[in-house]
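Sequences listed follow chains A and B, in order.
Anchor point for the first sequence: position 84 equals 84 in my numbering, and the numbering is continuous, going up by one each time.
Anchor point for the second sequence: position 110 equals 228 in my numbering, and the numbering is continuous, going up by one each time.
Incorrect hints may have been included.
[Said to hold, decoys possible] Okay, the calculated bits of chain A under chain B, using three or more residues with CB under 8 angstroms as the criterion:
#1 41 to 54
#2 105 to 116
[Unchecked claim] Okay, the calculated beta carbon distance ranges per label pair:
#3 B/T230 - A/S70: 41 to 49 angstroms
#4 B/V216 - A/S3: 21 to 29 angstroms
#5 B/N183 - A/N17: 25 to 33 angstroms
#6 A/Q10 - B/Q140: 30 to 38 angstroms
#7 B/G158 - A/T72: 20 to 28 angstroms
#8 B/N183 - A/R42: 25 to 33 angstroms
#9 A/S70 - B/N183: 39 to 47 angstroms
Keep in mind that the hints were calculated from the coordinates and are not lab data.
From the three backbone atoms N, C-alpha and C, an ideal C-beta is built for every residue, glycine too.
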Amino acid sequence: AQSVAQPEDQVNVAEGNPLTVKCTYSVSGNPYLFWYVQYPNRGLQFLLKYITGDNLVKGSYGFEAEFNKSQTSFHLKKPSALVSDSALYFCAVRDSRGGSSNTGKLIFGQGTTLQVKP
Amino acid sequence: NAGVTQTPKFQVLKTGQSMTLQCAQDMNHNSMYWYRQDPGMGLRLIYYSASEGTTDKGEVPNGYNVSRLNKREFSLRLESAAPSQTSVYFCASSVGQVLSYEQYFGPGTRLTVT
Chain A
1 AQSVAQPEDQ
11 VNVAEGNPLT
21 VKCTYSVSGN
31 PYLFWYVQYP
41 NRGLQFLLKY
51 ITGDNLVKGS
61 YGFEAEFNKS
71 QTSFHLKKPS
81 ALVSDSALYF
91 CAVRDSRGGS
101 SNTGKLIFGQ
111 GTTLQVKP
Chain B
119 NAGVTQTPKF
129 QVLKTGQSMT
139 LQCAQDMNHN
149 SMYWYRQDPG
159 MGLRLIYYSA
169 SEGTTDKGEV
179 PNGYNVSRLN
189 KREFSLRLES
199 AAPSQTSVYF
209 CASSVGQVLS
219 YEQYFGPGTR
229 LTVT
């Protein structure tokens, strides 16, 4: 069965410092991996995805994520955090296997709150 | 381009009441989804519609029904609300069911059942 784990409920960083939000996954086939951000009282916004190719994926707002197949991880990173990056971050995974039973469902992690302090 | 819109934004129901949550997208997407978000549990899929005219159950469908009214609109109905359905509900859409497509989310409906 597919699963996603975000081991930290909250990450605190100082503005200007690098940030990492961790995500590990479990799928039977190859993974399609996604990061979303949710600001207070808003819907989820797509940040970036890994489908295939280069393990380092760049996305919106200066975020990037590194796919590591051997560690089954897809950690979100940013070289220099901003106070405005403070939000709830979700990692999500799909199994890339095709077939009629595959509904394309996204499986979400429980979310990590990022707090960036001035 | 409004993207994905949801109405209402907030709703309070008494146990046993019914209501319909509305969702519309203007991106010409084929697939639409309903999720619920509960603290510490991420998002869980309630129902989805791969294309106009089709709907299917997700992870937590009990107590809900859906209607794909046309390509733009996908509604979620609670026939007899229960306190366990207190949650934030998100509608989402994607170009299609190709697995690499990302989903786009609406702003959510915050539902409280007393």
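| request: Please name the hints from earlier in the document that this structure breaks, with their numbers sorted from lowest to highest. | output: 5
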